[in-house]
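Asks: Using the UniProt record's numbering, the letters of the sequence shown map in sequence onto residues 1 to 79.
If you are wondering where the hints come from, they were derived from the structure by calculation, not from laboratory data.
Source: prediction; values computed, not measured.
From the three backbone atoms N, C-alpha and C, an ideal C-beta is built for every residue, glycine too.
Just to be clear, a hint being listed does not mean it is correct.
Stated by the list, open to error - Quick list of the computed label-pair ranges, beta carbon to beta carbon:
# : residue 1 : residue 2 : range
1 : Ile29     : Gly58     : 24 to 30 Å
2 : Tyr74     : Trp8      : 18 to 24 Å
3 : Gly24     : Arg79     : 33 to 39 Å
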Amino acid sequence: MSYKLRMWVSLTLFVLWLITGITGIILLIGPLAAQLGFNLPVDLADTLHTYLGFAFFGLSFVHIAINWSAMKAYFRKLR
1 MSYKLRMWVS LTLFVLWLIT GITGIILLIG PLAAQLGFNL PVDLADTLHT
51 YLGFAFFGLS FVHIAINWSA MKAYFRKLR
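Could you put together the complete structure from these sequences and hints?
Replies: Below, the structure is given as structure tokens:
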């Protein structure tokens, strides 16, 4: 596989992971923040969290496919 493809898949996965983590935190603390008088964009965070989570899941399979030879080497070392 091309180095550029591996790089873009990895970078995209990192960005999706970061955004999914941030939106997860917003969803977690949203109700508490509302009680304290802060309005967080919970509806937007919910939508982003859901759709980007699906994208992250799907792109993870692409990442595994691209790096399959390395994965096989890791499993061989476990034996």
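Asks: All hints, please: hold or fail.
Replies: Consistency of the hints with the structure:
Separation of Ile29 from Gly58 is about 28 Å and conforms to the stated range, judged on CB atoms against 24 to 30 Å. Checked against the given bound of 18 to 24 Å, the beta carbons of Tyr74 and Trp8, roughly 22 Å apart, stay inside it. Between Gly24 and Arg79 the beta carbons are some 36 Å apart, a value that agrees with the proposed interval 33 to 39 Å.
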